[in-house]
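Student: Model the placement of chains W and Y on the given structure of chain V, informed by the hints.
Those protein sequences? They're chains V, W and Y, same order as listed.
Numbering-wise, my numbering comes out as the position in the first sequence, counting from 1, plus 675.
Numbering-wise, my numbering comes out as the position in the second sequence, counting from 1, plus 3.
Numbering-wise, my numbering comes out as the position in the third sequence, counting from 1, plus 1.
By construction, these hints were calculated from the structure, which means they are not laboratory data.
No false leads were mixed into what you were given.
Straight-line distance between alpha carbons at most 20 Å, and here's what the computed EDC-like set of lysine to aspartate or glutamate pairs gives:
#, chain 1, residue 1, chain 2, residue 2
1, V, K883, W, E359
2, V, K883, W, E170
3, W, K23, Y, E207
4, V, K883, W, E66
5, W, K376, W, E387
6, W, K376, V, D859
Keep in mind the model is a prediction, meaning the values are calculated, not measured.
If you want the building blocks of each chain, they are given just below.
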Amino acid sequence: MSVTTPDISAAAQRTAFLDGVNPVSKILAMVVLSIPLLATIDWVSSTVAVAIELALVPLCGVAVRDVLRRSIPLLAFAPIAGISMLLYAEPGGRIHAQFLLATVSDDSIALAVAVALRVFALGLPTILLFSRVDATELADGLAQVARLPSRFVLGVVAGVRLLGLFVDDWRSMELARRARGVGDAGVIRRFFSMAFVLLVFAVRRGSKLATAMEARGFGADVERTWARPSRLSWRDGVFLLGCVCIMAAATGTAVAVGSFRFVGS
Amino acid sequence: MAGGARVVASGWGWRHAGRKAWAVAELSFDIEAGERVLVLGASGAGKSTLLAGIAGLLGGDDEGETTGELRIDGVDARSARGRSGLVLQDPDAAAVFSRVGDDVAFGCENLGIEREEIWRRVRRSLDAVGLGVDLDRRTAELSGGEKQRLAIAGVLAMEPRVILLDEPTANLDPAGVLDVRDAIERTVVREGTTLVVVEHRTEIWADLMTRVIVLDPSGGVLADGEPDAVFAQEGDRLAAAGVWVPRHPIGMPLALDAPAGAVVLEADGLAIGRPGAPVVRSAIDLSIPQGHATVVVGPNGAGKSTLALTLAGLIPEREGLLTGAPSLAGRRGQRPAQWSSRELLTRIGTVFQDPEHQFITATVRDELAVGPKALGLGPAETEERVDALLAALGLGALALANPFTLSGGQKRRLSVGTVLASRPAVMVLDEPTFGQDRVSWIRLVELLRAEVAAGTTVVAVTHDAGVVAHLGESVVELTGASQGVALRGRAA
Amino acid sequence: MHATSSSVDRSARVDSSDRSLRWRVVDIVIAAVLGVATGLIFWFWNTIGYLWFETADAVTPGFGGIAVGIWLLGGVLGGLIIRKPGAALLVELIGAIVSALIGNIWGPTTIYSGIVQGLGAELVFAAFFYRRFGIVVAALAGIGAGVGAWIFEFFTGNIEKSAVFNLLYLGSIVVSGALLAGVLGWFLVRALAATGALSRFAVGREARREV
Chain V
676 MSVTTPDISA
686 AAQRTAFLDG
696 VNPVSKILAM
706 VVLSIPLLAT
716 IDWVSSTVAV
726 AIELALVPLC
736 GVAVRDVLRR
746 SIPLLAFAPI
756 AGISMLLYAE
766 PGGRIHAQFL
776 LATVSDDSIA
786 LAVAVALRVF
796 ALGLPTILLF
806 SRVDATELAD
816 GLAQVARLPS
826 RFVLGVVAGV
836 RLLGLFVDDW
846 RSMELARRAR
856 GVGDAGVIRR
866 FFSMAFVLLV
876 FAVRRGSKLA
886 TAMEARGFGA
896 DVERTWARPS
906 RLSWRDGVFL
916 LGCVCIMAAA
926 TGTAVAVGSF
936 RFVGS
Chain W
4 MAGGARVVAS
14 GWGWRHAGRK
24 AWAVAELSFD
34 IEAGERVLVL
44 GASGAGKSTL
54 LAGIAGLLGG
64 DDEGETTGEL
74 RIDGVDARSA
84 RGRSGLVLQD
94 PDAAAVFSRV
104 GDDVAFGCEN
114 LGIEREEIWR
124 RVRRSLDAVG
134 LGVDLDRRTA
144 ELSGGEKQRL
154 AIAGVLAMEP
164 RVILLDEPTA
174 NLDPAGVLDV
184 RDAIERTVVR
194 EGTTLVVVEH
204 RTEIWADLMT
214 RVIVLDPSGG
224 VLADGEPDAV
234 FAQEGDRLAA
244 AGVWVPRHPI
254 GMPLALDAPA
264 GAVVLEADGL
274 AIGRPGAPVV
284 RSAIDLSIPQ
294 GHATVVVGPN
304 GAGKSTLALT
314 LAGLIPEREG
324 LLTGAPSLAG
334 RRGQRPAQWS
344 SRELLTRIGT
354 VFQDPEHQFI
364 TATVRDELAV
374 GPKALGLGPA
384 ETEERVDALL
394 AALGLGALAL
404 ANPFTLSGGQ
414 KRRLSVGTVL
424 ASRPAVMVLD
434 EPTFGQDRVS
444 WIRLVELLRA
454 EVAAGTTVVA
464 VTHDAGVVAH
474 LGESVVELTG
484 ASQGVALRGR
494 AA
Chain Y
2 MHATSSSVDR
12 SARVDSSDRS
22 LRWRVVDIVI
32 AAVLGVATGL
42 IFWFWNTIGY
52 LWFETADAVT
62 PGFGGIAVGI
72 WLLGGVLGGL
82 IIRKPGAALL
92 VELIGAIVSA
102 LIGNIWGPTT
112 IYSGIVQGLG
122 AELVFAAFFY
132 RRFGIVVAAL
142 AGIGAGVGAW
152 IFEFFTGNIE
162 KSAVFNLLYL
172 GSIVVSGALL
182 AGVLGWFLVR
192 ALAATGALSR
202 FAVGREARRE
212 V
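Looking at chain V on its own, in the form it has when it is part of the complex:
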């Protein structure tokens, strides 16, 4: 996300296909790319979706290295997501192990693998679509294209932008706790105390920001103009159609090979 890691060169080389797509379309795409996967737990649909999405990385303008780097937490945690399913899914097929309420069966193994894959299939589009979305463009899109109330859109985006400042505060607070003799132990307690101070800073800075915005005429009853136009183009149509096709291919393949499994069925 550009808010946390400002990519200085991004503005200079925003030439990928995805850069010409309106952020609002990307939000829609995220819904398109996740709902069908949430409706089924099977390994085929997730695998197909991931394969197609990876093949389309060059169109996204995200460096492969960045995709890999940002996928690390996904890859690390996806298997853990399967554990609960492995132990507590309704047993079916051959039973491999059983203790107390936990039962590892053919069904639960299949579900666990599917859940782990699904975690990855759900996470990947977020990385590909939103690594380069600019908060200001997003605000412009939400207000001008999606027609959400501008007071809310701009207020929220401006507030969210304060995120970058919190990172420095957090680092300083960590050092300050070491300096004050309470930095040796009690990680959890220290976390909560720092999170609290972060909240104090956040609220106060937010109040000041609100005043600064009002001081510049924000929130008054004047009809607002927009310095940057935000509109949809043919690219958005092609892009969304493409996303629908990815999901159609993924679920279609799963149905075709008979692995499609509607949640709860």
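Tutor: The following block gives chains W and Y in isolation, referenced to the frame of chain V:
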């Protein structure tokens, strides 16, 4: 072009919801178009409230009640938004968007100005404040002074007839202060805009101002007139209330070029940088003498704060070695970065630039007790140290107050107190006088001088020429080049 | 304990005549700021809390729900501080978006979770007509958010699991929602008010008047 507006208050007052006392009461004045007014007064006299009132930010949404009238060119200030532009103290909290151009355009958009005109105004106002950066430049990458000029450009683009500045330079280094002042002077003088400034560092603005209004904390106006006349009449009273009155001596002896004793901290070929960030300065050879006050000066970006954190043992050396005196050796040797957090307490204490970063409890008393408790001192001794400090810091009446609710000066003294409570051999301070008014500045520097006299080693990173003059027994200068340091004699 | 909480409840009741339900600019910005702050807390908790969640689940079925409360904080904080319709939903939603965008294993599902959890808390505040913000209401809002989370997870996967698991999960999520989101959130807001940071909000002014 825009020209100025007339600002008239008649019996105006404002009380915040839930408060008994009026923030501003019975205020009357008449500011002519194009006048340049400095508003002064003791803290709590309602200066910021007045500016917010002129900016039309008060009055709605159950936030308080008002009396009298406050008018801009005859229009009630609340319906005159856009005629005035307010710049606040904290430039970090003023940037709305992440890119410079968008941020300047924000106010114009809110006024419903056409797109082409908006971008014309954006370029013009950035020129006016001398901020020659790319429109796509990230606001977060600007220095404090640049951010503040960006905020001013955002206000100028709205072409206000009154510019209001609320402590615009309190968070800036000296270079940033000058840039901001020059930017304002250029515009205001050329356009004839009315200017109202609240700032306790009056020397910055005194030359530019045509009038000074002093608010009375109990309501109304204490003095109103030409700057020289008001300073002559009210100088002593203003100084006592914390205002930096021009040509008003501090009355404190200069620091002497005291002979340096044994070395307590030694840097040898030191390279410094925050973890994960590039090295900001290398090849630093430096000895910090014991029981002596060393001040570190240098321009922004020279690595002063990073050096302070490294000397304080909070971040590790990137190259080279920082060694404490043998008497300070901890369980893991003489390198401060390897001392445990508890070991640091009695060896090196650090006062951070923002005191709030180091507050961890809900009352002033608990805050002072953190160090002694971490050292494992008994309740009796802890109590004794805390009580002594409360008295020394002038915070006795606030012992049960929440640290975050203190004034800027009180917060700063408390942060120094938390360090003193564990009686470290060395004290490292980062910009200790930042944003302090005259009264708390004097208290603070006197406190530090007393510590040095009592044998504590003090290292202070500062932009403040007053700190250098009155505290710095030796001066270390970080030059523009990214290598080494220079020792400067007291005479410089 | 009971006596004190009910008396606190009474004092926290708001006189509806002196306030409007219209959102001010500061309400919107603070909602965003609270959302970001809770999003960062979520993101941190995504590591610690998730390990706890899965470890507890591996040892006992469903008790992983005990860790969920922290992820429900946003709605409680938003409702208690801003006191406007939609605040609980908005803050929890922004927190979820931030957590998803920084990167977590749930991707966009985080955002759907945020919506249902926020709605759960929102409905509780609405049921009290945005007039009562005591510790009991806070706990109920935490429970509401927890139930929302449980329903969502039930229909996106847990339906495959045994009834015992789901009942235990519901029980632990309710307890966690009440305590880690509701009660903790209420104390958090009170501590926040004590720092003076909430001076532009009714909750901040009430706290300061007591002193």
